[in-house]
Every structure is written in C-alpha cells, then in structure tokens.
Amino acid sequence: SAVISQKPSRDICQRGTSLTIQCQVDSQVTMMFWYRQQPGQSLTLIATANQGSEATYESGFVIDKFPISRPNLTFSTLTVSNLSPEDSSIYLCSVRRGGLNTEAFFGQGTRLTVV
Amino acid sequence: GQQLNQNPQSMFIQEGEDVSMNCTSSSIFNTWLWYKQDPGEGPVLLIALYKAGELTSNGRLTAQFGITRKDSFLNISASIPSDVGIYFCAGLTNTGNQFYFGTGTSLTVIP
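Chains as they are written, first to last, in our numbering: chain G, 214 to 328; chain W, 17 to 127.
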C-alpha cells in the first residue's frame with residue numbers, strides 16, 4: 214500500500230476565498246486522483262492529476278474552479294477557488310497502483326466548511 | 017459516469033450477527049474493490065477482487081466477484097462494534113482509468 218498525507222485535515226473558509234489542499238505520497242506513483250465527497254454521499258472523481266501536464270477533468274468540473282498541480286510523482290495540490298457554501302465537502306487524494314491487479318488508496322481527506 | 021448501486025443503503029444489526037451487502041452495475045467490471053470509511057477519515061481498502069467468481073477473505077470479511085462481472089458481494093461474519101462505518105464498493109472497467117464508487121452501505125452495530 215501507499216502512505217498518503219493530506220493537509221490540511223480540515224478548514225473553515227470564508228466564501229469567495231480559496232483553499233489549497235496538499236497531497237504527499239511516500240513513494241512515486243503514476244496515477245493520482247482528486248475526489249469530492251459531499252455530505253452523506255459517495256465519492257465523485259474531480260480530476261486525474263497528470264505529472265508534467267494539465268489535469269484531466271471529469272464532466273462538471275473545470276480548471277478555473279479546481280486548479281490542480283502535479284510537479285512530481287509524489288506530490289499534488291488541489292485548489293478550490295471562489296468558495297461558496299456548496300463547496301463544503303470532503304476532498305480526497307487517491308493514488309492508484311498500476312499493473313494488472315490494481316488498487317486505489319486514499320488520504321485521510323480534507324473536510325472543508327465554507328461559511 | 018457509471019452508476020453502482022449498493023444494497024442495503026443502511027443496516028442496523030446486533031453484535032454477533034452476520035452482515036451481507038451487495039453492489040450492482042449495468043456495466044462489466046474487471047476489478048472490484050471494497051472499502052470501509054470511518055467518520056472523518058478516508059476510505060480504507062478491505063478487499064480487492066480481480067477475477068469473475070473469485071472469493072477472497074480478509075479476517076471476518078469475505079467478498080465475491082460476481083460471475084456476470086456486474087456485481088460483487090461483501091459479507092461480514094460475527095459483527096463487532098468496530099465494524100460500524102460506511103462500506104463502499106468500487107469498480108474498474110477494462111478500458112477505464114478511474115474507479116467508480118457505489119452509493120455506500122451504512123452499518124450500525126448495536127452492542
């Protein structure tokens with residue numbers, strides 16, 4: 214498995230501001246992902262963080278709102294911009310181990326509350 | 017995106033009872049994963065399945081990859097209070113890059 218550290222673990226932010234979440238992995242991984250989990254809901258993929266190139270966003274998510282950086286194979290950041298109360302969610306970093314028998318591992322999540 | 021339906025949505029059981037939950041999809045998957053999520057934490061991987069019909073155990077947990085490849089099952093035997101949490105299935109298609117997650121089953125164990 215991989216050890217994934219997310220920072221911050223939680224934050225309360227004013228609407229209109231931005232929050233940047235960091236994800237650090239203890240080993241190099243090819244695939245890193247960012248998920249959103251709204252209260253009481255399942256996980257929804259925001260984007261795939263690509264090393265050295267722009268992230269690949271899922272339908273309904275755009276780069277202006279959720280800019281992502283991936284400077285190397287062990288680190289990524291997700292910024293949630295121009296916050297509104299609807300952005301209050303848990304944001305999760307995930308890495309996927311490649312190969313035939315693949316698995317996905319998650320960080321502990323960042324609980325964001327927008328007031 | 018893919019829709020994975022989990023049943024039941026929630027369960028309230030007595031300590032010591034066995035638990036069964038399932039996950040169904042309209043699409044075929046090549047990989048099924050089962051996770052448990054505690055409040056305030058990220059999902060933790062419990063069991064991974066890679067072959068249709070495969071039955072895999074992890075302690076008191078047993079999961080099966082359905083023969084049709086459109087479903088998977090998770091059983092917990094002799095439940096204990098620390099089994100409380102939300103259980104998610106996740107599936108990966110042959111051509112897909114991402115795991116799709118089920119709607120979740122919330123488990124409450126009554127001592």
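Keep in mind the hints are simulated off the structure, nothing from the lab. It is possible that part of the hints are untrue.
[Claimed, not checked] In the EDC-like style, the derived pairs of lysine to aspartate or glutamate whose C-alpha atoms are separated by at most 20 Å in a straight line are:
hint	chain 1	residue 1	chain 2	residue 2
1	G	Lys-220	W	Glu-57
2	W	Lys-86	W	Glu-70
3	G	Lys-278	G	Asp-224
4	G	Lys-278	G	Glu-267
5	G	Lys-220	W	Asp-87
6	W	Lys-67	G	Asp-239
7	W	Lys-86	G	Glu-267
8	G	Lys-278	G	Glu-299
9	W	Lys-67	W	Asp-54
10	G	Lys-220	G	Asp-239
[Stated by the list, open to error] Restraint-style ranges between C-beta atoms, simulated for each label pair:
hint	chain 1	residue 1	chain 2	residue 2	range
11	G	Gln-235	W	Asp-54	19 to 25 Å
12	W	Tyr-66	G	Asp-224	26 to 32 Å
13	W	Ile-44	G	Gln-235	35 to 41 Å
14	W	Leu-61	G	Asp-224	35 to 41 Å
15	W	Gln-30	G	Glu-267	48 to 54 Å
[What the hints assert, rightly or not] Computed from the model, here is a short list of chain W residues facing chain G with C-beta under 7 Å:
hint	residue
16	Pro-59
17	Gln-114
18	Phe-115
Note that beta-carbon positions come from the ideal geometry of N, C-alpha and C, so glycine has one too.
> If you draw a straight line from the CA of Lys-220/G to the CA of Asp-239/G, is it 20 Å or shorter?
Replying inline: holds, 14 Å
> Within a Cα-Cα threshold of 20 Å, do Lys-278/G and Glu-267/G meet the stated pairing?
Replying inline: holds, 14 Å
>> Interface hint check: Gln-114/W, Cβ to nearest Cβ on chain G, cutoff 7 Å. Holds or violated?
In response: Where the cut-off is 7 Å and the nearest Cβ of chain G is about 5 Å from Gln-114/W, the hint holds.
>> With the threshold set at 20 Å, check whether the alpha-carbon distance from Lys-278/G to Glu-299/G stays at or below it.
In response: Holds. Lys-278/G to Glu-299/G sits at ~13 Å (cutoff 20 Å).
> Honestly, do Tyr-66/W and Asp-224/G meet the 26 to 32 Å range at C-beta?
Replying inline: violated, 38 Å
> Do the beta carbons of Gln-30/W and Glu-267/G sit within 48 to 54 Å of each other?
Replying inline: holds, 52 Å
>> Just to be careful, I want the Cα atoms of Lys-67/W and Asp-54/W compared with a cutoff of 20 Å; is the pair within it?
In response: violated, 28 Å
>> Can you confirm whether the C-alpha distance between Lys-67/W and Asp-239/G stays at or below 20 Å?
In response: Given pair Lys-67/W, Asp-239/G is violated - Cα atoms ~29 Å apart, limit 20 Å.
> Can the hint on Phe-115/W be confirmed by a CB-to-CB distance to chain G that is less than 7 Å?
Replying inline: holds, 5 Å
> Is it true that the CA of Lys-220/G sits at most 20 Å from the CA of Glu-57/W?
Replying inline: Holds. Lys-220/G to Glu-57/W sits at ~13 Å (cutoff 20 Å).
> Under the criterion that the straight-line Cα-Cα distance not exceed 20 Å, is the pair Lys-220/G, Asp-87/W satisfied?
Replying inline: violated, 35 Å
> When you check the alpha-carbon spacing of Lys-278/G and Asp-224/G, does it fall within 20 Å?
Replying inline: holds, 18 Å
Checked against the numbered hints above, the structure breaks hints 5, 6, 7, 9, 12, 14 and satisfies the rest.
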